[in-house]
Amino acid sequence: MHPEDLAEKAAQFRAEEAAIKREVRVCMAASCQSSGAQPVLTALTEICGDGKGMCHVKGVGCMGLCSAGPLVAVADKDCDLADSVLYRDVTPADAPDIMQSVCGAPVERLRCSTEQPFFARQQRIVLENCGLIDPDSFKDYVAVGGYSALVKALSEMTSTEVLREVTTSGLRGRGGGGYPTGLKWSTVAKTPGAQKYVICNADEGDPGAFMDRAVLESDPHRILEGMMIAGYAIGANKGYVYVRAEYPLAVERLQTAIRKAKGAGFLGHRVADTQFSFEVEIRLGAGAFVCGEETALMASIEGLRGQPRPRPPYPAEAGLWGCPTLINNVETFANIAPIIRNGGAWFAGIGTEKSKGTKVFALAGKINNTGLIEVPMGTSLRDIIEQIGGGIPDGRAFKAVQTGGPSGGCIPAAHLDIGVDYDSLKTLGTMMGSGGMIVMDDSACMVDVARYFMEFCMTESCGKCIPCRAGTQQMHGLLDTIAKGEGTRADLALLAHLCEVVQATSLCGLGQSAPNPVLSTLRYFREEVEAKLVGE
Amino acid sequence: MAQPAPLSTVRVVTLTIDDRDFSAREDETIIEVCRENNIPIPSLCHLDGLSIWGGCRLCMVELEGQTRLFAACSTRVTEGMRIQTQSERLRSYRHTILELLFAERHHVCAVCVSNGHCELQWLAQKCGVDHVRVPYRQAAYPVDSSHEMFRIDHNRCILCTRCVRVCDEIEGAHTWDIMGRGTDCRVISDLAQPWGDSTNCTSCGKCVQVCPTGALVKQGTSVGEMVKDQHFLPILARRRHAQ
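Protein chains in written order, with my numbering: chain A, 2 to 537; chain B, 272 to 514.
Hints may contain errors.
Computed footprint of chain B on chain A, listed as stretches where at least three residues anywhere in the stretch have a Cβ under 8 Å from a Cβ of chain B [as the list claims (entries may be wrong)]:
id, stretch
1, 299–312
2, 449–463
3, 467–478
4, 487–499
5, 502–512
DEER-style ranges, computed between Cβ atoms [what the hints assert, rightly or not]:
id, chain 1, residue 1, chain 2, residue 2, range
6, A, G178, B, A410, 33 to 41 Å
7, A, A195, B, H512, 51 to 59 Å
8, B, T349, A, R527, 36 to 44 Å
9, A, R165, B, Y407, 55 to 63 Å
10, A, K355, B, T287, 58 to 66 Å
11, A, A532, B, D401, 31 to 39 Å
12, B, A410, A, G536, 43 to 51 Å
13, B, G491, A, A532, 15 to 23 Å
14, B, A410, A, E247, 27 to 35 Å
15, A, D424, B, A410, 55 to 63 Å
16, B, D455, A, G146, 45 to 53 Å
17, A, R342, B, H512, 48 to 56 Å
18, B, D290, A, K355, 33 to 41 Å
19, A, G304, B, D401, 43 to 51 Å
Hints listed in this document are in silico derivations from the structure and should not be mistaken for laboratory results. Glycine included, each C-beta is placed from N, C-alpha and C at the ideal position.
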């Protein structure tokens, strides 16, 4: 297939709905569904009926402002979120009023401004289709330019050119480590092997992180497109998406996407009538956090116990079933299609010197606008929390923000003006992680926070290596003693020593980074910890 | 089980370990070179003849020019590598890891059938572990005496998985496996059934011989009577590979 054929197809899909002028979009992502979006969609659909052929109601993906759900947007066809009339906290009883407003004045009592910083300050690349298209519709995706990057790559670019664009873009792995994606891809491409694999890591397990879930639920075709471009670039014909079973909606939508893409000839044998073939299979995780670690994830796909093995050999050399394997996170793959469409140089123009592009963050905790945001790298934490996040509720003061989940750490108020990128967070003793941000107000006890994350690591340790298995248990015990006010200076010294040993000797990233929340608490809130010791 | 991919043309490299020069094949791991040359390096999960595991983390060494530590059992040697196996930092970490092991389950030597013949006990003596700074956990774990010849006492298990590997890789029965997570991990026979009910256990006893502690023992042994013999393993493993 030639890009022009695809463009024709997209135009045809748009023409089919040319009569429709106005759209009512109901967020049907997991968060809005849990606050009752399904009855709202049913009520709206019922009232709308055929909409005289001019208006229709559709379920879409995540609009971001999860705290205000269920969200409903009324807009002209092809208008994005910023130009729509957005309604918050909608109930089925509001349906008649909303349908009235489609051709009339907005319902002011439900109105949610799209001019507020939460929407205005974002730059959406990964989430560009989220909240606009029906995730179950192949036509919707193609109509907004979907699969054009894949067709462009397959018909007009060599695999080397694809690799060059990805390298030029400066994209770094969005799963946490920030390894340069172009370097990873070209390593796998250069490793000899008749059989290679592409794996999409969707085993998002950090507490308070839900970026990957939202992308899979809102725009699943984009992940398939990214994986196929990767497959073409490295010479792989088989891909696996490893999704945690706790994301049933994401799995369902991904399955639908795979089925529809196959039916349309955009997946499987001879993708888009080219010589390239690519199959994708879904593998479900069984609830182990450690399976987000790449070697454990691959063991799990192979049907073995999900536990890490020593590296090297790295997956690029000997991965799934011993074959060269490329493994990237959901958000990384979601960035690929725009990079191929617009060129690597375009992407490299966004962000900071060493961290390019945008990053999706999940805002959670004590913050007014909990939800999903996408901002350019380098945006300051203060902007994210005070402007986009809308500040701390109940007039309380900000205390710390936790980034990077159980592998990261807390950042105190003194460092709020730092621009967020991989390297700046590292200098603060935390890490980007997958993008969860948990905001804490002045009522939070930092020892409790450290204890919580240590408990998480302790229960999620696979038990293979001694420092992680027994060390996290002992560190949790010491934190528990300190939190109860029964700890001594000797306990604190022992805790610091255990942090050092576990960090230096553990087998995989889970153990090596398990002490991070404790270390960052000791770095920024030492006085608070010491005040809890016996006799202080 | 993860085994580094074999290299097609193997070269010989020279390297230094604790400031002494050695030569080695480049497909050898650091621990193999150390064992060959009688350089003591502590380890509880590695055993000549079994696949690489990398779980006990006692064999961590320092490499010149690298800030992080490397496990000697799962790191191949390279030309010009400069290895330190003994340093104050390594000694301190090994000491702590052994303490963590002793505090995890019930390792009471005085009443153990392996007393005096236990690898964990020897290592503790060599590394000077005479006290434990972390609190003893000592949760109660089961003891399975259902097998007519052998017994498994999970209280003395350190989860090194030598038994799992020898059963799978050498005997070919794969009776043993691991269940659970973290400190709740347990070695299980078949699908967590009593050992005596296992239909695929061949009662060969290899698991008992390779077990470094008193977790897997012969029935009817009393304190200090359980002496193990692991000499069969490298010979058997090499014959298998030669075939």
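Verification of the hints:
1. Three residues within the 8 Å Cβ limit are the bar, and the stretch 299–312 of chain A against chain B gives 3, so the coverage statement holds.
2. Residue count for the stretch 449–463 of chain A with a Cβ under 8 Å from a Cβ of chain B: 5. That meets the three needed, and the coverage hint holds.
3. Chain B is given as covering the stretch 467–478 of chain A, and this holds because 9 residues of the stretch bring a CB closer than 8 Å to a CB of that chain, at least three being needed.
4. Against chain B, the stretch 487–499 of chain A contributes 3 residues with a C-beta closer than 8 Å to a partner C-beta. That satisfies the three-residue criterion, and the hint holds.
5. Counting residues of the stretch 502–512 of chain A whose CB lies closer than 8 Å to any CB of chain B gives 5, so the stated coverage by that chain holds, three being the minimum.
6. For G178 (chain A) and A410 (chain B), the Cβ-Cβ distance of about 35 Å falls inside the hinted range of 33 to 41 Å, so the restraint holds.
7. The hinted range of 51 to 59 Å is not satisfied by A195 (chain A) and H512 (chain B), whose Cβ atoms lie roughly 25 Å apart.
8. Checked against the hint of 36 to 44 Å, the C-beta distance between T349 (chain B) and R527 (chain A) comes to roughly 41 Å, which is consistent with it.
9. Roughly 59 Å separates the CB atoms of R165 (chain A) and Y407 (chain B), a value that falls within the hinted 55 to 63 Å.
10. For the pair K355 (chain A) and T287 (chain B), the beta carbons lie near 36 Å from each other, so the given range of 58 to 66 Å is not met.
11. Here the CB-CB span from A532 (chain A) to D401 (chain B) is close to 34 Å, well matched to the stated 31 to 39 Å.
12. Here the CB-CB span from A410 (chain B) to G536 (chain A) is close to 31 Å, at odds with the stated 43 to 51 Å.
13. Taken as a hint, the range 15 to 23 Å is violated for the pair G491 (chain B) and A532 (chain A), whose Cβ atoms sit roughly 58 Å apart.
14. Remark: the range hint 27 to 35 Å for A410 (chain B) to E247 (chain A) is upheld by a beta-carbon distance near 28 Å.
15. In this structure the hint that D424 (chain A) and A410 (chain B) lie 55 to 63 Å apart at CB is violated, the actual value being about 43 Å.
16. Here the CB-CB span from D455 (chain B) to G146 (chain A) is close to 50 Å, well matched to the stated 45 to 53 Å.
17. Checking the proposed 48 to 56 Å range against R342 (chain A) and H512 (chain B) shows it holds: the Cβ atoms sit about 52 Å from each other.
18. Distance hint check for D290 (chain B) and K355 (chain A): the Cβ-Cβ separation is about 39 Å, which falls inside the suggested range of 33 to 41 Å.
19. At about 45 Å, the CB distance of G304 (chain A) to D401 (chain B) agrees with the hint of 43 to 51 Å.
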